[in-house]
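Q: Here is what each chain is made of, one letter per residue.
2 protein chains.
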Amino acid sequence: MYERKYTSDIGADDVGKKVLLYGWVHEVRDLGGVVFVLLRDREGIIQLTCPKKRNPEITKRARKVRRESVVRVVGEVKEEPKAPGGYEVLPDEFEVLNEADAPLPLDVAEKVPAELDTRLDARFLDLRKPRIQAIFRIRHQMLQSVRDFLTSEGFIEVNTPKIVSTATEGGTELFPISYFEREAFLNQSPQLYKQVLMGAGFEKVFEIGPIFRAEEHNTVRHLNEAISIDIEQSFTDHEGVMKVLERLINRVYTDVVEKCEKYLNWAGVKLEIPEIPFQRVTYDEAVEIIKKRGEEISWGEDFSTPALKLLAEEFDSHYYIVDWPTEIKPFYAMPYENEPEISKTFDLMAGSLELASGAQRIHLPDLLEKMISQKGLNPESFEFYLSAFRYGMPPHAGWGLGADRLLMSILKLKNIREAVIFPRDRTRLTP
Amino acid sequence: MYERKYTSDIGADDVGKKVLLYGWVHEVRDLGGVVFVLLRDREGIIQLTCPKKRNPEITKRARKVRRESVVRVVGEVKEEPKAPGGYEVLPDEFEVLNEADAPLPLDVAEKVPAELDTRLDARFLDLRKPRIQAIFRIRHQMLQSVRDFLTSEGFIEVNTPKIVSTATEGGTELFPISYFEREAFLNQSPQLYKQVLMGAGFEKVFEIGPIFRAEEHNTVRHLNEAISIDIEQSFTDHEGVMKVLERLINRVYTDVVEKCEKYLNWAGVKLEIPEIPFQRVTYDEAVEIIKKRGEEISWGEDFSTPALKLLAEEFDSHYYIVDWPTEIKPFYAMPYENEPEISKTFDLMAGSLELASGAQRIHLPDLLEKMISQKGLNPESFEFYLSAFRYGMPPHAGWGLGADRLLMSILKLKNIREAVIFPRDRTRLTP
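So the sequence lines, in the order shown, correspond to chains A and B.
Position one of the first sequence corresponds to residue 39 (this note's numbering), numbered consecutively onward.
Position one of the second sequence corresponds to residue 39 (this note's numbering), numbered consecutively onward.
The set of hints was computed from the structure by calculation and includes no laboratory data.
Incorrect hints may appear among the rest.
Pairs count within a copy or across copies, as identical chains cannot be separated in the list.
[Said to hold, decoys possible] For lysine-lysine, the following BS3-like pairs were computed, each having C-alpha atoms within a straight-line distance of at most 27 Å:
| hint | residue 1 | residue 2 |
| --- | --- | --- |
| 1 | K281 | K56 |
| 2 | K281 | K43 |
| 3 | K167 | K102 |
| 4 | K149 | K120 |
Please read all numbers here as calculations on a predicted model, not as lab measurements.
In isolation and in its complexed conformation, chain A is listed as follows:
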């Protein structure tokens, strides 16, 4: 019995020894007296060299095997400068564990480019491409780094319910569920729950989990199911959690550069670690910049995509837009005491892409109830939330950061669907 090796682990120490490999048939080249098979596994590709004179049965099997079939190989390692990676394996066992059908619905070797929709339809094949695998290896590291960083900062991981009875922020962008005989909804965000946990004395929490938004529009930046990275922290304000956020972004980039060199190469991406602190622009200043660059905008409006593109020309890498009009931010955003039409809010931008949004929250129950009413919402439907403010709610602040968008911006992906294994949008529910 041999222990299984990944193709990338084969090196000088293995020369002259036998190794056990598992993987997929990436390519077959038949030269008559010898058949070359490129074997691909999760970590790389190695050449199997099958000369007829070594084992005619194996050579015959290698010649016949269809691309993308799954095989088990035991063979001897030799140095071979002409082979990819510098080594080849001469099989003594070559077993086809599962033969692939032909023709393949998608070309894994990427000789034929395919449309994103075709790729997503056959995602199980699309994901076999090293370039695409790399995206999800880096995603793994990104999520690990986020958790390690937040844990080291004293944040406690929590899981809040995804089935809820009330909209988080009002509005109609909700998916209704039949919950036994009642109606319920898929949660848009853990916002209300992470705030309640400040009332519960957790002081610092984070959650990484799905959020659901029934938005009708179908853009390259929006999904209807996404993964959100959320934090909430007591006894601090928006300034405090902005510092946490920029250090987190810096840490993720640093870790990805240090630990994912191979996958960055597969993905064809070179990263620059963004410097902190990030630049800042106030909403007022942003409006002026956008106007000066020729786009019409009135104070109090949210920024359109063209406006954000103009703004992005002014900044390298990441920057914060701070101090938004209270009216266009959610009811829980804290207004400035001396200028209540402005709120203690921020968006984190990567170029023209909004990565995160946060604020100091209102912790005073009377003000909060007033703001809910002012937004045209009914305080009664927020009773479970409001009650947590009446018995000792600390001042607190937090943010939500889109995990898929963060990955999209790190890897400079053109469509957020590339950052998600099985994306869900207006029209796509499968696979």
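With chain A held as given, fit chain B onto it using these hints.
A: Okay, now just chain B, sitting in the frame of chain A:
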């Protein structure tokens, strides 16, 4: 400006110095010339001593402050053997940041015990109890340990969709969603997706995320929304993933014992680390044991709760029930080649509680399609899944482990609702 300290961090080094504290008013004792306030934060409790002669205004404020109000305190640390923890703080600043209403809907100091339903209704107060906080501090460690262990074993974290168009295992235990103009469902388990990812060449994946089951019954072991820890691994069988599972359980216990001593004390729990390998009993042997202990059961039936209780009397700690009848396991479980009425399946039990369930999976598309039909399901509705088996699906195995149940069993909680911050059951949709 002082940097904020947790109460538990106050020690000999602070004596004679000033510290900044934030927290909740746990108790107030008014002795006339001096008022004692117990200040509670996330990490513990400290005594604030407010003598009238030091600062009459602060003593007055401390006397009047309502329990569970949020305060900010700056004061001098003194040694005081009679105070809890051995230190007291003499406040020079005492600011009430948010005054709590009275009476409190629940007693945080736990002098009055409350029913679970009352507690869950006022969960934000219930969670302030150190005993309850401890549960979620240990949960954080448990999830970190699971991820660290799986990452160190080469598993890649993935996120699969929670909104799906097909039931995972057939059956009717699904929550329907209105997905724009179509019907969709909340996913019961990531099973089909993690298998497709084996077809995608990920080889080892894990996911920790919500699962949704529209089960009508309402027991102390079931929730309608739960967190599931799922793995899937290629080029291995049920034996391989059982070894991963038992090492994971062992690692979680070891980490909790090493890193959560304080919270285990708060929770009043002493842990024994379960020894591995876990004992095993075949389904056939289990049937015999149950019969011998006087419960009626026929071969091919699933085990009832009373039957599992009888079985648990035979085993200490954790054990596996292996080799289940193929008929009572899902369609994707691999039957033994030489005895197809038995399957390569296992359940992991902690006493009479089922923690995890797993199997070698069927990787051969024809057999899989046959099994789907045999279960009375329509292979056409599994097309996105079946297609992944036709173009090179490796042999694979995996399991699903209930995170809430794992925590329940570690901390010996009587009701799974205790292991979840905001549980969702047949009747509970709030908070």
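Q: Now tell me if each hint is right for this structure.
A: Going through the hints against the structure:
Taking the shortest alpha-carbon separations for K281 and K56, only the inter-copy value of 26 Å comes in at or below 27 Å, while the best intra-copy value is 53 Å. For the identical chains of this complex, K281 and K43 are inter-copy neighbours only, at 19 Å across copies versus 43 Å inside a copy, given an alpha-carbon limit of 27 Å. When the C-alpha separation of K167 and K102 is checked against a cutoff of 27 Å, the pair qualifies only within one copy, where the shortest distance is 23 Å, while the shortest distance between copies is 68 Å. When the C-alpha separation of K149 and K120 is checked against a cutoff of 27 Å, the pair qualifies only within one copy, where the shortest distance is 21 Å, while the shortest distance between copies is 78 Å.
Every hint from the earlier list agrees with this structure, and none is contradicted.
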